[in-house]
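Heads up: the protein sequence lines correspond to chains A and B, in order. Heads up, the first sequence is in our numbering, so the first residue is 2 and it goes up one at a time. Heads up, the second sequence is in our numbering, so the first residue is 2 and it goes up one at a time.
It should be emphasised that the hints constitute simulated quantities derived from the structure, not laboratory data. Don't take each hint at face value.
No copy is singled out in the list; a pair is fine if it fits within one copy or between any two copies.
To be verified - Here are the simulated DSSO-like pairs of lysine-lysine, each with C-alpha atoms no more than 30 angstroms apart in a straight line:
hint	residue 1	residue 2
1	K52	K183
2	K52	K122
3	K132	K183
4	K122	K132
Protein chains: 2
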Amino acid sequence: MSRWEPNARSRLAQAALQLFIERGFDQTTVAEIAGRAGLTERTFFRYFADKREVLFGGSADLQELLVRTVADQPATVAPLEAIAAALLAAGALLEERRDFARQRQVVIAAHDELRERELIKLAALAAALAKALRRRSISEPAASLAAEAGIAVFKVAFERWILDSNQGDLPQLIRESLTDLKVMTTGM
Amino acid sequence: MSRWEPNARSRLAQAALQLFIERGFDQTTVAEIAGRAGLTERTFFRYFADKREVLFGGSADLQELLVRTVADQPATVAPLEAIAAALLAAGALLEERRDFARQRQVVIAAHDELRERELIKLAALAAALAKALRRRSISEPAASLAAEAGIAVFKVAFERWILDSNQGDLPQLIRESLTDLKVMTTGM
């Protein structure tokens with residue numbers, strides 16, 4: 002087997018997800034993942050530190066996209082609008098990876114520790130978004146509130162997207178949740 | 002030592018917090034907590050399953066109060082208003098336990114695993130609030146959105162309350178965060 006394999010990363014990720022769904026996350030070994038992908042364990046460890054990273058390795062990219070999108074908004078854009086722009090960018094990215102995201106969520110939903118890891122990831126994204134707003138001279142508590150409210154919107158839209166493919170694409174669902182939030186708070 | 006001790010629970014909790022702050026959570030044993038409180042380990046285990054429960058044993062009460070307050074709102078009350086009422090009730094309860102809540106937060110902030118546990122607790126409270134709204138015939142995604150947005154508001158207000166005692170009491174800070182959220186979404 003040559004050292005270079007085309008699409009090794011995505012072949013490994015796909016093999017891992019299949020096995021996690023078939024056998025459960027805990028019951029799947031790296032050797033099995035590599036075998037299913039027709040690659041070696043050594044190749045697996047060139048791309049992933051461990052099998053959990055197959056599920057969470059993308060969160061650094063997602064965070065970077067969120068933070069960069071907030072930073073790129075014109076100075077006149079209000080905090081929650083900057084957050085909305087970032088969430089829509091993240092939504093578009095995830096929409097391109099819809100099948101992966103859905104299968105990933107099946108694995109996570111079935112496993113307490115992975116669900117907890119997902120919550121921690123979302124909290125880290127909220128903290129990163131708040132920090133990105135503070136760099137735009139938005140003070141606290143406005144920065145944290147916009148970031149946390151944005152993550153609340155994202156969670157709800159993401160859940161709908163995962164559960165039902167007929168509801169629309171993820172950016173559309175994020176827009177709907179933002180509108181719903183606006184209507185809810187207006188009524189208060 | 003008699004089997005019945007006045008205020009045993011709160012003496013144990015206070016002794017535990019002191020030790021967690023002085024020595025760190027991991028370095029404190031149940032024997033030391035009981036000793037500091039002038040009680041036995043056996044008495045400790047009548048009140049708490051383990052030392053972590055000193056920090057998280059109150060969350061069942063908090064969840065029950067939140068859920069009951071949502072259920073008690075008149076049928077005409079809108080989802081986010083019902084959530085706001087619940088958060089204000091929880092805020093009033095925590096305000097009565099301000100010293101404990103602050104010391105507890107010092108311990109949690111210093112410990113990764115406890116911080117994660119706190120995030121998981123907040124996610125459980127959001128899920129319980131969403132369920133309480135669904136029992137009021139609020140459909141999804143409105144129920145989850147109101148609950149998650151409410152928890153976002155609560156997190157931000159709680160953080161301010163912990164950091165600075167001059168900012169106001171917790172119910173007041175929750176009201177301010179709700180107003181801030183309303184202003185933010187109106188601007189969109």
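Is it within a copy, between copies, both, or neither that the alpha carbon of K52 lies no farther than 30 angstroms from that of K183?
neither (40 angstroms within a copy, 42 angstroms between copies)
Please work out whether the CA atoms of K122 and K132 approach to 30 angstroms or closer within one copy, between two copies, in both situations, or in neither?
both (15 angstroms within a copy, 24 angstroms between copies)
If the cutoff is 30 angstroms on CA atoms, where do K52 and K122 land: within, between, both or neither? Let me know, please.
Both ways: K52 and K122 sit 17 angstroms apart in one copy and 26 angstroms across, limit 30 angstroms.
30 angstroms Cα cut-off: does K132 pair with K183 within a copy, between copies, both or neither?
both (23 angstroms within a copy, 21 angstroms between copies)
The structure does not agree with numbered hint 1 stated previously, though it agrees with all others.
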